[in-house]
Amino acid sequence: MSPVIIALFVLLGVGLLLALWLMGIYNGLVVAGNRFKNAFAQIDVQLKRRYELIPNLVEAVKGYMRHERETLDAVIKARNSAMAAEQKVAANPSDPAAMTELNQAEAQLGGTLGRLFALSEAYPDLKANQNMLSLQEELTATENKIGFARQAFNDAATNYNIRREVFPAATVAGMFGFKEAPLLETAGTERAATKVSFQ
Amino acid sequence: MATNFFQQQDSARRKTFQLVVYFVLAILILIALVYGLLLAFSMYDAREPVSWWQPELLLLAAPGVGLLVGGASAFKVAQLASGGQAVALMMGGEEVPGTTTDARQKRLLNVVEEMALAAGVPVPPVYVLEEPGINAFAAGYAPGDAVVAVSQGCLNYLTRDELQGVVAHEFSHILNGDMRLNIRLIGLIFGIMALSIIGRVLMLTSGGRSSGRNDARGGLVLLGLGVFVLGLVGAFFGRLIMAAVSRQREYLADASAVQFTRNPDGIGGALKKIGGLAEGSRINNPQAAEAGHMFFANAFAGGGLAGLLATHPPLVERIRRLDPQFAGQFPEVRPVGVDREELEARRPGGLPPFAGMPRLPGLPQVPVPVLGFADEAVSRVGHVEPKEMTYAQALHDGMPDVLRVAAQEPFSAHALVYALLLDPRADLRDLQLTRLKAAAEPQDFAETLRLVAPVQALPDTHRLPLLDLAMPALRQMSPRQHRAFRAQVEVLMIADQRLSLFEYTLRCVLHRHLDAQFLPQRQTRPVHSSPQKLAHPMATVLALLAWEGQPEPEQAARAFDTGMRGYIGGDHIHRLPPREECSLAEFDAALQTLNQSAPAIKRRIVIACTACILANQQVTVREAELLRAICDTLDCPLPPLVVGEAE
Chain P
1 MSPVIIALFV LLGVGLLLAL WLMGIYNGLV VAGNRFKNAF AQIDVQLKRR YELIPNLVEA
61 VKGYMRHERE TLDAVIKARN SAMAAEQKVA ANPSDPAAMT ELNQAEAQLG GTLGRLFALS
121 EAYPDLKANQ NMLSLQEELT ATENKIGFAR QAFNDAATNY NIRREVFPAA TVAGMFGFKE
181 APLLETAGTE RAATKVSFQ
Chain R
200 MATNFFQQQD SARRKTFQLV VYFVLAILIL IALVYGLLLA FSMYDAREPV SWWQPELLLL
260 AAPGVGLLVG GASAFKVAQL ASGGQAVALM MGGEEVPGTT TDARQKRLLN VVEEMALAAG
320 VPVPPVYVLE EPGINAFAAG YAPGDAVVAV SQGCLNYLTR DELQGVVAHE FSHILNGDMR
380 LNIRLIGLIF GIMALSIIGR VLMLTSGGRS SGRNDARGGL VLLGLGVFVL GLVGAFFGRL
440 IMAAVSRQRE YLADASAVQF TRNPDGIGGA LKKIGGLAEG SRINNPQAAE AGHMFFANAF
500 AGGGLAGLLA THPPLVERIR RLDPQFAGQF PEVRPVGVDR EELEARRPGG LPPFAGMPRL
560 PGLPQVPVPV LGFADEAVSR VGHVEPKEMT YAQALHDGMP DVLRVAAQEP FSAHALVYAL
620 LLDPRADLRD LQLTRLKAAA EPQDFAETLR LVAPVQALPD THRLPLLDLA MPALRQMSPR
680 QHRAFRAQVE VLMIADQRLS LFEYTLRCVL HRHLDAQFLP QRQTRPVHSS PQKLAHPMAT
740 VLALLAWEGQ PEPEQAARAF DTGMRGYIGG DHIHRLPPRE ECSLAEFDAA LQTLNQSAPA
800 IKRRIVIACT ACILANQQVT VREAELLRAI CDTLDCPLPP LVVGEAE
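Sequences listed follow chains P and R, in order. For the first sequence, this note's numbering gives the first residue as 1, with consecutive numbering after it. For the second sequence, this note's numbering gives the first residue as 200, with consecutive numbering after it.
Each hint should be verified, as a subset may be incorrect.
[Claimed, not checked] Residues from chain R that keep clear of chain P, each with C-beta distances beyond 12 angstroms, as calculated: (1) A231; (2) S241; (3) M289; (4) P324; (5) R446; (6) Q524; (7) V651; (8) C707; (9) H735; (10) P752; (11) D770; (12) P777.
[As the list claims (entries may be wrong)] Derived CB-CB ranges, DEER-like: (13) R/D522 <-> P/V166: 53 to 59 angstroms; (14) R/A656 <-> P/D73: 41 to 47 angstroms; (15) R/A477 <-> P/K88: 58 to 64 angstroms; (16) R/Q351 <-> P/T100: 42 to 48 angstroms; (17) P/G174 <-> R/V223: 35 to 41 angstroms; (18) R/R679 <-> P/I6: 47 to 53 angstroms; (19) P/K88 <-> R/E329: 16 to 22 angstroms.
Bear in mind the hints are in silico, worked out from the structure with no lab data behind them. Each residue gets a CB set at the ideal place from its N, CA and C atoms; glycine is no exception.
If we strip away everything but chain P, and leave its shape as in the complex, we get:
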């Protein structure tokens, strides 16, 4: 048997091992990727809950804040666009464009909600309204849950991103199109909501 053939076989064996190694890295990326996508499901439920609460809140304050029509409309509008963006992200949490949209929409919603709460300070009747209080309470609770779940999501996404950038995996990630996971930013809303409810 000629040395050439032996060399060929050795090369083949090395090639096979290499293929297995790459396969291992590939699977590792798949698992890490599925992990962060799964982590979004937890936020998903809470965000939806919050989008359900906001119209109720607007309904509750409407009677008192007759002169703030504009603010109330802005809240509903921001809520609707955040909801639309959220649906896109839920369909594919690894889509950076959708995530950017959600981040922006959430910031918008946080801003308008903050304004609503700030304005509500001027209405003592409203501040004593039981319905308003319980809605605010529930909104705060939901924000807290979102905050915790978002931290878990961002941790999982960061873990995936780090895995993806380390040397051998980076090549595999490039070859098979493992894209960088987008992070979910802190929206201003929970800070605003928390401030109000902890007074």
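Position chain R relative to chain P; hints supplied.
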């Protein structure tokens, strides 16, 4: 049923031996084939007959195959190191959040939660696979890190009873303690099958190349053919190993499912629907190739060798064992709806009548009659009786809404654990809260405060089940969040200067079932196989158990003696030490020693503890909590002692 958890574990060990034989055989045949392939090559190369014995070719073939199979297995095993969740994620499973609003998913969660409470294990995370067929699997290294995964087809087509049958089948796999073997097998099977996967790639590339010298092409085709044959052999052995592990156990799991639910129509109906559905039980995800032995029903489409290599017994045969009248007519399958009312109606809001134990710290616990005797109880470890199912359903429904909702979701669930750790005495509780306020995030602290009142009002019987319910949500924390959580738990435990029994048990449960996911665990190998050598730590464990169960010295001595006799199997020289000499710290050290024993000894340990508890025909909550700590540390499910049930 004659078999029990411990026998199953022993038989799993024996099975491992059989598998090693298969595995070695597979490797030997692979080496022989590679050798033959190399020989054919050198004949082709030399264009004349050569001697069939060429040691240098063997030197090439043996390490080559060994390296390949070993390397591939090692990769896969390393990937699966994080247990059941990794398997579920690899198959593309999506975890069902506890807060889900989807009625079908909610129903699935309820079914799994009830089953887990009945079996005395933490609620496993539940995954849904995007597969149209009806199939399911359970995976993990131990009952504590198991996951249950169910296909979308199960949710779409199965009624609640059928779903319960499937989940019970999967739980019997979890409780039988052979999942560790299952998950390791994935690695080995992948090692053998890797050749078939690579062979397919090689065939494709070599077939495509038409240019070049004639004999080079011939060589490549020969090579491709060789690797293809190798792949076939590998796949054959892979399937053979899966079939060997899986087939017999499926009947057992079916039978257990009937026993758990006392309803042969549930699992029978599910199997019939598999037969009636066009997609059957097929799993399309290619990652399932090396995990076919873990599924509820055959994950692969039938082929020529399907009968011999099927991972599961024929469907009709399985159904006949459950329903002898079955004539082979499969029903037409239609999607089922979920009654909203079904989900809501089973929520009485109050507590089950028999769990009305007053939570009065410092007073002796209300004693209650027990169901059976030690031996009988232990022979049922790893089995769920309808009585426990009923009890678990009552526990599940009787959990106050505010707490059940809190247990569904990570943020509230981790605060819930803080609240569970607070001492009933106001002064100690205030001290703990001060420490927590200093150490934790303000919103965590606020959430804990919100949960203090309902947790303090909770009967003792419900505390551990509540923790079990919260487990899937706690597992959704990120490693960073888990570190912070662990630190807070330590702060709360240390704050009151003494470790209470419940704190100790809670720590055992958290350590066994949560840390396992986040921190790499050292595998404990059995180092003790003689019960006599472990008599001393056993006495330490029994002493505390005896004192916790009965305040009177004579009764305690009798309980201790019953336990020791149960362990040694006759007379013994040990005496019950005085109450002051029994501490949780010593108990814990003794338990760690006992944990390093073989399954047969663990069985004796559990028998001895159960006998000690049952010596006075009563089980108190404190005894049950200690037993839970013992069983969790020994990694076996709790014997079915229903606390608080009076008949």
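Inset, instruction - Just double-check R/S241 for me: nearest Cβ-Cβ distance to chain P has to come out over 12 angstroms. - result: violated, 4 angstroms
Inset, instruction - Please settle this one: R/D770 was flagged as non-interface, so is its CB more than 12 angstroms from every CB on chain P? - result: Consistent with the label, R/D770 stays out of reach of chain P, its closest Cβ about 55 angstroms off (over 12 angstroms).
Legend entry - Verdict on R/P752 as a residue remote from chain P, using beta-carbon distances over 12 angstroms: At about 50 angstroms from chain P, R/P752 clears the 12 angstroms cut-off, so the statement holds.
Legend entry - chain P versus R/P777 - minimum CB to CB distance exceeding 12 angstroms, so not interface: holds, 47 angstroms
Legend entry - C-beta pair P/G174, R/V223: status relative to the range 35 to 41 angstroms that was hinted: holds, 40 angstroms
Inset, instruction - Report holds if the minimum CB distance from R/M289 to chain P is greater than 12 angstroms, and violated otherwise. - result: violated, 6 angstroms
Inset, instruction - Mind checking the hinted window 42 to 48 angstroms against the Cβ distance between R/Q351 and P/T100? - result: With a Cβ separation near 30 angstroms, R/Q351 and P/T100 fall outside 42 to 48 angstroms, so the hint is violated.
Legend entry - Interface exclusion of R/Q524 relative to chain P, criterion Cβ beyond 12 angstroms: Non-interface label on R/Q524 holds, nearest chain P Cβ at 43 angstroms vs cutoff 12 angstroms.
Legend entry - Cβ distance range 47 to 53 angstroms for R/R679 and P/I6, holds or violated: For P/I6 against R/R679, whose Cβ atoms are near 51 angstroms apart, the range 47 to 53 angstroms holds.
Legend entry - Outcome of range test on Cβ distance (P/K88, R/E329; 16 to 22 angstroms): holds, 19 angstroms
Legend entry - Minimum Cβ distance from R/C707 to chain P greater than 12 angstroms, as the annotation requires: holds, 25 angstroms
Legend entry - 58 to 64 angstroms as the expected CB spacing between P/K88 and R/A477, which holds or is violated: Violated, at about 33 angstroms.
Going down the numbered hints, you'll see the structure goes against 2, 3, 4, 15, 16, while the others check out.
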